[in-house]
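Heads up: the sequence lines are chains X and S, in that order.
FYI, the numbering for the first sequence is 2 to 321, going by our numbering.
FYI, the numbering for the second sequence is 59 to 281, going by our numbering.
No lab work stands behind these hints: they were computed from the structure.
Only a predicted model underlies this, so the values are computations on that prediction, with no experimental measurement involved.
Heads up, a few of these hints could be off.
Here are a few chain X residues that face chain S, going by a calculated C-beta distance under 8 Å [claimed, not checked]: (1) I20; (2) F121; (3) H221; (4) E223; (5) I226; (6) L229; (7) G231; (8) A232; (9) R238; (10) Q273; (11) P320.
Every residue, glycine too, gets a C-beta built ideally from N, C-alpha and C.
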Amino acid sequence: MSKGRNNAMRRRPGFRPDIWLQRHLQVALASLGRLTNTPLGTLMTAAVIGIALALPIGLHVLLNNLQNVSGGWESGASISLFLKQEISDKQATALSKKLRLHQRIESIQVIPKASAMAEFRRLSGFGDALEALDSNPLPALLVILPKSDYSTPETAQLLVRELGLLPEADIVQLDLQWVRRLQAITEIAQRAVLVLATLLGLAVLLIIGNTIRLEIQNRHAEIEITKLIGATNGFIRRPFLYTGLWYGLFGGIIAWLLVAISILLISGPVAQLAMLYQSAFDLSSLDITTTLLLLTGSAGLGLLGSWIAVGRHLSAIEPS
Amino acid sequence: MIHFDNVSKRYPGGHTGLAGVSFRIEPGEMVFLTGHSGAGKSTLLKLIGLLERSSGGQVHVNDRNLTRLKNSQIPYHRREVGMIFQDHRLLNDRTVFDNVALPLVVSGMGYKETSRRVHAALDKVGLLNKEKAAPITLSGGEQQRVGIARAVVSKPPLVLADEPTGNLDPKLSQEIMELFGWFNQVGVTLLIATHDLELISRMDKRILTLSNGQLVQDTWETQ
Numbered sequence: 002m003s004k005g006r007n008n009a010m011r012r013r014p015g016f017r018p019d020i021w022l023q024r025h026l027q028v029a030l031a032s033l034g035r036l037t038n039t040p041l042g043t044l045m046t047a048a049v050i051g052i053a054l055a056l057p058i059g060l061h062v063l064l065n066n067l068q069n070v071s072g073g074w075e076s077g078a079s080i081s082l083f084l085k086q087e088i089s090d091k092q093a094t095a096l097s098k099k100l101r102l103h104q105r106i107e108s109i110q111v112i113p114k115a116s117a118m119a120e121f122r123r124l125s126g127f128g129d130a131l132e133a134l135d136s137n138p139l140p141a142l143l144v145i146l147p148k149s150d151y152s153t154p155e156t157a158q159l160l161v162r163e164l165g166l167l168p169e170a171d172i173v174q175l176d177l178q179w180v181r182r183l184q185a186i187t188e189i190a191q192r193a194v195l196v197l198a199t200l201l202g203l204a205v206l207l208i209i210g211n212t213i214r215l216e217i218q219n220r221h222a223e224i225e226i227t228k229l230i231g232a233t234n235g236f237i238r239r240p241f242l243y244t245g246l247w248y249g250l251f252g253g254i255i256a257w258l259l260v261a262i263s264i265l266l267i268s269g270p271v272a273q274l275a276m277l278y279q280s281a282f283d284l285s286s287l288d289i290t291t292t293l294l295l296l297t298g299s300a301g302l303g304l305l306g307s308w309i310a311v312g313r314h315l316s317a318i319e320p321s
Numbered sequence: 059m060i061h062f063d064n065v066s067k068r069y070p071g072g073h074t075g076l077a078g079v080s081f082r083i084e085p086g087e088m089v090f091l092t093g094h095s096g097a098g099k100s101t102l103l104k105l106i107g108l109l110e111r112s113s114g115g116q117v118h119v120n121d122r123n124l125t126r127l128k129n130s131q132i133p134y135h136r137r138e139v140g141m142i143f144q145d146h147r148l149l150n151d152r153t154v155f156d157n158v159a160l161p162l163v164v165s166g167m168g169y170k171e172t173s174r175r176v177h178a179a180l181d182k183v184g185l186l187n188k189e190k191a192a193p194i195t196l197s198g199g200e201q202q203r204v205g206i207a208r209a210v211v212s213k214p215p216l217v218l219a220d221e222p223t224g225n226l227d228p229k230l231s232q233e234i235m236e237l238f239g240w241f242n243q244v245g246v247t248l249l250i251a252t253h254d255l256e257l258i259s260r261m262d263k264r265i266l267t268l269s270n271g272q273l274v275q276d277t278w279e280t281q
C-alpha cells in the first residue's frame with residue numbers, strides 16, 4: 002500500500018509556476034473564446050445580469066447625489082436670531098458688532114425692522130393688511146453664520162443655546178429639522194437599496210449558476226472523456242469557473258453602461274432644476290471606486306455562482 | 059502489473075459482473091480477454107481503470123492497491139493506464155492534435171514537449187497528415203487510431219482496449235493488432251478485450267476467457 006502511494010507521488014509532475022500560469026491564461030482565453038462563439042446568447046445572459054446589477058447601483062449613485070446636496074444644505078445652515086420687539090435697529094447693529102468677535106461666529110447679517118417689513122410685504126401677500134397697521138410689528142433680525150468648525154447640527158445647537166441666553170434675544174432658530182428628516186428618509190432608502198442589492202445579487206448568483214449548469218450538461222461527454230484520461234476535478238472545474246467570471250464581468254460592464262447612460266439622460270433636467278434653485282449642483286456619475294467595486298463585485302458574483310453550480314453538478318458526472 | 063485476487067463485482071439490482079476472478083499479468087505481457095457478450099470483459103477493464111470499484115477481493119495495478127485508493131488519487135492512477143474504446147470517445151469539437159494532446163495537457167505538460175510527443179504518437183499510428191482534421195471527418199479505422207495515439211501519448215506502462223476492432227473490417231483489425239504488437243515490443247503491457255476469436259488465434263498470445271463473470275480458461279495455465 003505505502004509503496005503504491007509513493008509510486009503515485011513520484012509520478013506526479015512537479016509544480017511549475019510558468020506552466021500553471023500558461024494553463025490558466027489558456028483556459029481563461031479559451032472560455033472567453035467559447036463565449037464569443039455564441040455572441041447573442043452570451044450578450045443576453047450578460048444583459049440580464051447587467052440590468053439586475055444596474056438597479057441597485059443606479060439607486061446608490063442617486064442617493065449619494067442626494068446626500069451631497071443635503072449635506073451642503075446642512076453645513077450652510079445659518080441661525081436666525083430674532084431680537085425682542087423693543088430692541089431698535091441701532092441696538093441690533095451694536096449687538097452684531099459685539100457678537101462678531103465671538104469665536105464661533107463667521108459672519109452676521111443685520112436685517113433691520115424696515116427691511117424685514119419690506120420683505121414680508123413682498124413675500125407674504127398681506128401687503129394691504131400691513132397698511133392698516135400704524136407701527137411695524139416685526140423685530141430686527143440677525144442672521145448668523147457659524148464658523149465651519151461649528152456648523153454641524155450638534156455644535157450649531159450649542160451656539161443656538163448660548164445665543165438664546167442673550168437678554169436681547171427673543172427666538173433663536175436653527176432650521177435643520179427638514180434637512181434631518183430628509184436625511185432620515187435617505188437612510189431608509191439606503192437600507193432599502195442594500196436589501197434590493199442583496200436580493201438582486203442573489204438573483205445574479207442563480208442566473209450564473211443556472212447558465213453554468215446548462216453548460217455542464219452540454220459538455221457532459223467532454224467532461225466524461227477528460228475524466229477518463231486522468232483529469233483532476235480542479236482541471237475540469239477551471240473552464241467553468243472562468244466562464245462564470247466572464248459572465249459576471251460582462252454583466253458588470255453592462256450595468257456600468259446602463260447607469261452611466263441613465264445619469265447622462267437625467268443630468269440635463271437636474272441641472273435645470275438646480276439652476277431654478279440658484280445652485281451650481283452637478284449630478285455626479287460613477288466614480289472610480291464605485292466602478293472598481295462594481296466590476297470586481299460582479300466578477301466575484303460570477304465566480305461564486307459558477308463555483309456553486311460546478312460543485313453541485315460536476316461530481317455527479319463519472320465516466321462509465 | 060495486474061493482479062486480481064478473488065475479485066467480484068455485483069451491481070445494484072443483483073446482476074453479477076464478476077464472481078471470484080483471480081489472475082496475474084506480468085509487466086510486458088500482451089493478453090487477450092474474451093468471452094460472450096455480457097461475460098464481464100468490460101467490467102474487468104473498468105475495475106482496472108477505476109471506472110468502477112470492485113465489491114469484493116483485491117485489485118492491484120502497477121503495485122498499487124486499487125481497493126484502497128482514495129477518490130482524489132484516481133486521476134493520477136488513470137494517467138498511468140491508457141484506455142481505448144470501441145466507440146473511440148473522441149472530442150468531436152477539437153482537432154486530432156488536440157484530442158491526442160489531451161492526456162498531456164491534463165497532466166500539465168508544457169506546449170513544446172506536448173507538441174513533440176503528439177507528433178511522435180500520430181506518426182506511429184500513421185496520421186501525422188491529419189493532425190488538423192476534425193475526428194468526425196475521419197474513417198472508423200482512422201478514428202480508432204487517433205484513440206490509440208491518445209492512449210499511448212503519455213507513455214503509460216499499461217494500455218487497456220475494449221473491443222478496439224469491434225466496428226472494423228478484418229484488414230483494418232489486423233493493422234490495429236499489429237500496432238498493439240509493436241507497442242508490446244517496446245515494453246507496454248496490453249490487455250485487450252475482444253470477441254474476435256479468429257483474429258486473436260493468429261496472434262499467439264495469452265488468452266483469458268470469461269463466462270458469466272467467471273474466469274473459465276487461461277491459456278497460460280493450460281500450456
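Against the structure, the hints come out as follows:
1. Taken as an interface hint, I20(X) checks out: its beta carbon lies about 5 Å from the nearest beta carbon of chain S, inside 8 Å.
2. Evaluation of the F121(X) hint against chain S yields a violated restraint, the C-beta minimum of about 83 Å exceeding 8 Å.
3. At a threshold of 8 Å, the smallest CB-CB gap from H221(X) to chain S is about 12 Å, leaving the interface hint violated.
4. Look at E223(X): its Cβ gets to within about 6 Å of chain S, closer than 8 Å, so that hint holds up.
5. The beta carbon of I226(X) comes within 5 Å of a beta carbon in chain S, closer than 8 Å, and the hint placing it at the interface holds.
6. Hint on L229(X) holds. Least Cβ distance to chain S is approximately 6 Å, under the 8 Å limit.
7. Interface hint status for G231(X): upheld, as the beta-carbon distance to the closest one in chain S is roughly 4 Å, under 8 Å.
8. Checking A232(X) against chain S: minimum C-beta separation of about 4 Å stays under 8 Å; hint holds.
9. Hint on R238(X) is violated. Least Cβ distance to chain S is approximately 12 Å, over the 8 Å limit.
10. Interface restraint check for Q273(X): the shortest CB-CB distance to chain S comes to about 57 Å, outside 8 Å, so the restraint is violated.
11. The restraint placing P320(X) at the interface with chain S holds, with a minimum CB-CB distance near 5 Å, inside the 8 Å limit.
Hints 2, 3, 9 and 10 from the earlier list are contradicted by this structure; the remaining hints agree with it.
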